[in-house]
Amino acid sequence: MKDTAVRARCITGIEGLDSILGGGIPTGSLVLVTGVPGVGKTSLALEFAVRGAAMGERSLVLTTVERPEKLIASVPEFDFFDHRLMEKGMLTFLELSDFLNGSSISGRPETSEDFSKLGENISKYILEHSIKRLVIDTYHTIFYGIKDDSIPRDLLLTLSETMYVKNCTGILVADANPSTSIESIISDGVIILGNLERRSDLLRTMQVLKMKATCHSRAKYVIDLTTCGVLVTPLLRGGL
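Residue 164 in our numbering sits at position 164 of the sequence shown; the count goes up by one each step and never skips.
Listed below are the simulated PhoX-like cross-link pairs for lysine-lysine, each with C-alpha atoms no more than 20 Å apart in a straight line:
{"#": "1", "residue 1": "LYS166", "residue 2": "LYS117"}
{"#": "2", "residue 1": "LYS117", "residue 2": "LYS147"}
{"#": "3", "residue 1": "LYS166", "residue 2": "LYS124"}
{"#": "4", "residue 1": "LYS166", "residue 2": "LYS212"}
{"#": "5", "residue 1": "LYS220", "residue 2": "LYS210"}
The set of hints was computed from the structure by calculation and includes no laboratory data. All of these numbers come straight from a predicted model, not from anything done at the bench.
All chains, please: the whole structure from these sequences, using the hints.
Structural data, given as structure tokens:
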């Protein structure tokens, strides 16, 4: 069982978000970042991984849809990205099939045994490579076609326990309903990204719905995706 003691913080490197969370995400937490397509979920998650690697925390980005090389191609858009992070093994991109060891012909988990092996192999990788930041993009697509709700629940519980014990902080990128999904219920934190229309413009917004083990604002903020990273501005200062 997770204890209630004050926990160290994982500084995201996204200044506005760290401020909202009172210094960062509690270390060992698993956070769901959800929203419709195009609101910046992947950008926020990648910045979390890249900035962590730059701070000396080994970061793993696990892709479930796009090939790693395609996702990697978008990272140099960040002014703060240094290719040497990947050369030194501080930032690693892998895909889902890398953790199945050929147990699935399709390259995707299909049976409860496949999902059990997936959880075991990711947990093993975190331990053996001293991973301190994990990003899974996109998490919910792992379960396409799966009818048994216990499968995503069990995988999430396995990852959550491993990450808490090993002080690894994770972000799950998903297009999930934050009020009803298994991910939002089990995850330690939920950050919702969305759109807000204003004078024919579509603003991106961010709201921390929940974050265990810390006090935080539940207000909506305006975010901008720039080469400097995700910029966070209080909603009223965004001109509303």
